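Chains as they are written, first to last, in our numbering: chain D, 1 to 162; chain A, 1 to 132.
Incorrect hints may have been included.
Think about it this way: if two alpha-carbon atoms lie no more than 25 Å apart in a straight line, the pair counts; the simulated SDA-like pairs of lysine to any residue are [as the list claims (entries may be wrong)]:
(1) A:K96 <-> D:N50
(2) A:K96 <-> A:V30
(3) A:K96 <-> A:I126
(4) A:K96 <-> A:L28
(5) A:K96 <-> A:L80
(6) A:K96 <-> A:A34
(7) A:K96 <-> A:W109
(8) A:K96 <-> D:Q39
(9) A:K96 <-> D:E88
(10) A:K96 <-> D:M91
(11) A:K96 <-> A:E107
(12) A:K96 <-> A:P44
(13) A:K96 <-> A:E66
(14) A:K96 <-> A:A9
(15) A:K96 <-> D:E138
(16) A:K96 <-> A:S82
(17) A:K96 <-> A:A8
(18) A:K96 <-> D:P141
Going by beta-carbon spacing under 10 Å, a handful of chain D positions derived as facing chain A [stated by the list, open to error]:
(19) A56
(20) T99
(21) D140
(22) P141
Treat the hints as calculated values from the structure; they're not laboratory data.
Remember, it's a predicted structure, so these values are computed and weren't measured experimentally.
Cβ atoms here follow ideal geometry from the backbone N, Cα and C, with glycine treated the same way.
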Amino acid sequence: MAEEIRPPEEPMSDAAPNELAYRGTALSLAMGFETLTDQRCAMRAPFRDNLVGDPADGALAGGVIFALLDQTCGMAVGLVMRERAEAEGRMPGFGGMATLDFRLDHIRPPRPGCAVTGEAECLRIAGDVAVVRGWAYEDDPADPIAAAQAAFMLTSAPSAPA
Amino acid sequence: MSDAVAAAALLDAWPYARFLDVRLEGGLAVLPFAGRLIGNPILPALHGGVVASFLELAALAKLDAEGRRARTIDITVDYLRSARPVATYAEARILKLGRRVANLAVEAWQEDRASPVAALRGHFMILVSSAR
């Protein structure tokens with residue numbers, strides 16, 4: 001798979017449908033998150049020794065996976081808002097969002113020494129509330145480490161004119 | 001071993017806890033502010049994933065203090081207010097400590113404890129009940 005990876009601080013082009021330039025940049029840089037541009041809405045957390053949870057396990061901490069999926073879930077909402085704005089012939093605004101709640105189920109332990117990829121999909125935006133699901137895995141999306149379910153409140157209405 | 005010493009042992013041993021610089025002060029978990037923890041630079045606000053990680057570590061440290069080594073089964077985090085770029089505090093409560101599963105609630109606040117910024121509920125699998 002020809003996979004392009006770029007650091008999250010790079011201003012996003014149309015190929016990378018997210019709002020990383022405005023959201024989560026500091027933490028993404030600190031944790032080394034990478035944007036995967038060959039997938040619709042995905043980021044990778046590279047394995048780093050300083051992000052390990054229990055040293056007896058030697059795997060990325062659950063909180064890292066939480067942060068990764070929080071980030072990709074936000075990206076998924078930004079992607080839908082952008083598509084909606086383009087379909088309506090508006091400029092995509094800098095619509096912010098706030099996480100209302102975020103549930104993370106750990107399906108199995110992450111493997112030691114491995115990078116983790118997070119993907120997300122926005123299921124629906126109804127009014128000001130977006131419903132999103134996300135999942136994390138090492139290599140195979142069909143073998144997930146964790147699953148997320150989240151609700152975001154849009155802090156600027158998606159239908160507002162640009 | 002006192003609870004505080006035991007819980008600090010987990011926070012000292014976990015590299016991710018040291019990365020976030022989570023510590024215990026007077027029985028409370030503390031997350032000092034650092035610029036790299038920002039999720040929204042416009043507000044600015046702490047990243048939701050950082051807040052959640054802090055709450056989860058507070059829960060695990062609480063179980064550690066009870067002599068229980070645990071793994072997270074699931075956590076749900078409610079975000080109540082934007083977490084501003086200042087120190088954050090958390091207190092974990094064990095709602096039920098079973099032989100195999102524990103249920104915990106954690107609340108986090110900043111300057112005003114009566115205005116929490118986030119709350120966690122979660123289930124944790126008990127791996128070891130160490131005899132201390």
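Task: Violating hint indices (sorted, rising) - done: Of the numbered hints given earlier, those the structure breaks are 1, 6, 8, 9, 10, 12, 15, 16, 18, 21 and 22, listed in rising order.
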